[in-house]
Amino acid sequence: MKYCSKCKKVHINTEIQNCPACKRKLIENPNGFSPVNIITANGFELERIKSALTDSEIPFSVKEQRYDTGLQILNSAPPENCAFFVPLSHYDKAVETLIGIGALSEEAVEEIDKADKEYLEKAREQEKKDELPEEKARLIRIFSFLGFIAVLVGFSFLVDYLLSFITPLLGWSS
101 MKYCSKCKKV HINTEIQNCP ACKRKLIENP NGFSPVNIIT ANGFELERIK
151 SALTDSEIPF SVKEQRYDTG LQILNSAPPE NCAFFVPLSH YDKAVETLIG
201 IGALSEEAVE EIDKADKEYL EKAREQEKKD ELPEEKARLI RIFSFLGFIA
251 VLVGFSFLVD YLLSFITPLL GWSS
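Under the numbering used here, the first residue of the sequence shown is numbered 101, with each subsequent residue one higher.
Where hints are given, some of them may not hold.
[Stated by the list, open to error] Derived lysine-lysine pairs resembling BS3-like cross-links, with alpha carbons at most 25 Å apart: (1) Lys-106 with Lys-150; (2) Lys-236 with Lys-150; (3) Lys-123 with Lys-109; (4) Lys-236 with Lys-214.
If you are wondering where the hints come from, they were derived from the structure by calculation, not from laboratory data.
As the structure is a prediction and not an experimental result, all values here were calculated from the model.
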C-alpha cells in the first residue's frame, strides 16, 4: 500500500512509484492517521455519506473543494463538491460502508490484499493504544480549564498591580 501526500489518495498497486495524478513520489507504509480522500460528493449524496460514516463510527472530515465559487453561501445551499477524508487506519471500513450504500462501485476501488488489511488493522490497534482513556481526557480538560482561569486571575492581579504604580505617575486619582 502506498500513499500520495499531495492528493491524499491510497494506491494499492505496489508496483507504481509515483502518483498517477500529480507525479509525486508515493510513500510506502504511511502513518495510520494520514488523511485519505475517499470520495467527493454534493447535495443529498453528501448528507447520505455523512450519515453512513457516522453510523459506522468511522471518523471523517469534509472539506469543500477549492474550485467552488461560493455562490451556494449566498443561496444557503449546501456546498457543491466536498471531499471526504478518513484516517488511513479506517480506509477499508469506509470503503466497505460506501460500497454498501452504493456511493462507490466495487470496480472503482482497488482490491485490498491480505497484507494491506493486516497493516490497516495494526494501525487501528495502534490508534486505540494512543487514545486517552475517557477518565484521563476528562481530567485533562478540567485541569486545562482551571489553569485557564488561574491565568486570567493572575493577569487581572498583574494589571491591577501595574496600574497602582502608573496612576500616581500620571496624576490620576484612584
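Pair hint Lys-236 and Lys-150, alpha-carbon separation not exceeding 25 Å: Distance of about 29 Å is beyond 25 Å: violated.
Lys-123 and Lys-109 were given as a pair; does the straight-line alpha-carbon distance stay at or below 25 Å? Given pair Lys-123, Lys-109 holds - Cα atoms ~12 Å apart, limit 25 Å.
Lys-106 and Lys-150 were given as a pair; does the straight-line alpha-carbon distance stay at or below 25 Å? holds (24 Å)
Does the structure keep Lys-236 and Lys-214 at a Cα separation of 25 Å or less? violated (35 Å)
The earlier numbered hints that this structure contradicts are 2 and 4.
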